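A.B. asks: Chain residues, written in single-letter form:
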Amino acid sequence: MKILHGTTILALRFEKGVVIAGDRRATEGHQIADRTMKKIFKTDEHSAVGISGAAGPCVEMVKLFKTEIEHYEKLEGASLTLEGKANKLGEMVKSNLPLAFQGLIVIPIFAGFDLKKSEGRIFKYDITGGHYEEAEFYSTGSGGKDAKNSIKKMFKKNLPEDEAIRIAISALYDASEEDSATGGPDVIRGIYPNISVIRKEGLIEVSDEKIKSVAQSLIEHTRES
Amino acid sequence: MALPYYVSPEQIMQDKAEYAKKGIAKGRSIIVLEFNAGVLFLADNPSSSLNKVSEIYDNIAFAGAGKYSEFENLRKAGIRHADLKGFMYSREDVTAKSLANAYSQSLGTIFSQEIKPLEVEILVVAVSEEGRPNEMYRIDFDGSISDEKGFTAIGGKADELKGFLKERFTPGQPLKAMFKLSKEALETINNQKLTVQGLEVAVLDQTRAGRKFRRLSLDEITPYSTG
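Chains A and B, in that order, are what the protein sequence lines are. Using this note's numbering, the letters of the first sequence map in sequence onto residues 1 to 225. Using this note's numbering, the letters of the second sequence map in sequence onto residues 1 to 227.
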């Protein structure tokens with residue numbers, strides 16, 4: 001049985017909020033099934049979810065999660081708190097547990113700006129729906145361990161935004177060099193990771209141009225050393 | 001022994017309609033106007049949390065006049081209908097027309113089958129992409145549905161307001177001009193000055209990506225009403 005799998009995702013906090021990023025590769029067994037897969041999804045103005053695991057259930061879960069958050073917001077005339085959204089996602093991961101036992105695992109990272117606490121926050125999940133808040137950064141998926149080690153070496157508290165974006169890109173680059181299921185920057189086709197920055201003012205997807213220039217400098221660095 | 005009695009269907013319907021109209025006439029009015037980049041909603045509503053106008057879906061909004069609890073239920077049902085459809089099929093498959101038809105069906109059924117009709121008048125409005133006309137559907141308490149162009153009003157003084165707007169409305173105006181016109185209409189027909197605090201103002205903004213509904217804050221509308 002071959003199923004599409006999405007891999008490395010990460011999130012880290014910076015001075016004004018939180019950065020969430022993911023590579024673009026999806027695999028089917030040992031084959032590359034998709035080079036342009038999207039793993040980071042905006043859920044509302046102040047939050048995003050990154051997914052790793054079996055692509056089908058992952059994408060469906062995100063779609064339902066987004067709908068539920070929007071539905072709540074429209075019915076009540078106010079959005080859920082970040083905590084509320086994180087709990088809702090946990091419930092959905094939990095409901096996927098029977099499928100997870102059959103290999104259809106969904107592991108998300110939820111990141112957002114908490115308007116009440118006025119800070120960026122990161123939540124990680126396990127397959128039982130358990131969710132745990134991460135203090136500064138987190139990464140998961142097949143290349144998650146490599147990416148996490150990479151972030152750990154460079155991370156400082158209260159990073160400026162550009163620095164946080166650079167760390168995210170270089171962590172994904174490092175993961176792609178060690179993990180076969182994680183895609184690196186594809187300069188030939190012009191495919192670069194997806195990165196979103198969430199601040200008090202809202203969520204912004206970082207432009208391909210910007211990511212490209214950082215990725216180019218990392219490639220340069222590798223070539224020189 | 002209970003007396004056998006007979007009331008003609010005509011009489012029953014007439015009584016129900018009269019009852020519903022009376023209820024609606026007690027409520028305050030809402031004006032909906034097209035401007036050059038979307039649709040403006042202006043409601044005479046001093047409450048800041050009990051809304052008469054709200055978002056249904058990406059480019060669709062809802063306005064209700066009459067009994068709050070009744071149109072609030074309709075609003076929620078509309079959101080459920082839209083979100084479910086958008087989730088099952090695609091976001092583009094959620095249309096104002098199908099929503100208006102669903103409202104028309106349920107209001108019609110309630111009017112003919114229940115003892116008490118709903119005392120509401122509602123509007124389903126969709127702002128369109130570049131070039132195509134916007135859609136405005138007005139659904140009455142008995143489920144009758146009509147599609148309106150350019151401007152419309154619902155609630156207590158709807159007919160007077162529409163008469164006033166008919167004389168003065170020109171299409172393609174900017175938001176500020178349309179805000180002033182609709183505020184003037186409410187003031188003239190109700191014969192009293194309105195403060196910006198007593199208004200509920202929202203727009204369906206064509207220029208926004210994704211969800212087009214937006215409420216205008218007090219800070220935003222204050223300069224519109226003075227300058």
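Hints are computed from structural coordinates only; laboratory data are not their basis. Be a bit skeptical, because a hint or two may be false.
Said to hold, decoys possible - Here are the simulated lysine-lysine pairs, PhoX-like style, with alpha carbons at most 20 Å apart:
1) B:Lys-26 / B:Lys-85
2) A:Lys-94 / A:Lys-157
3) A:Lys-66 / B:Lys-193
4) B:Lys-176 / B:Lys-193
5) B:Lys-162 / B:Lys-26
6) B:Lys-85 / A:Lys-63
7) B:Lys-85 / A:Lys-66
8) A:Lys-2 / A:Lys-16
9) A:Lys-124 / A:Lys-94
Small disclaimer: the values here were computed from a predicted structure and weren't measured.
A.B. asks: Hint by hint, where does the structure go against what was stated? Just the numbers, ascending.
C.D. replies: 1, 2, 3, 8
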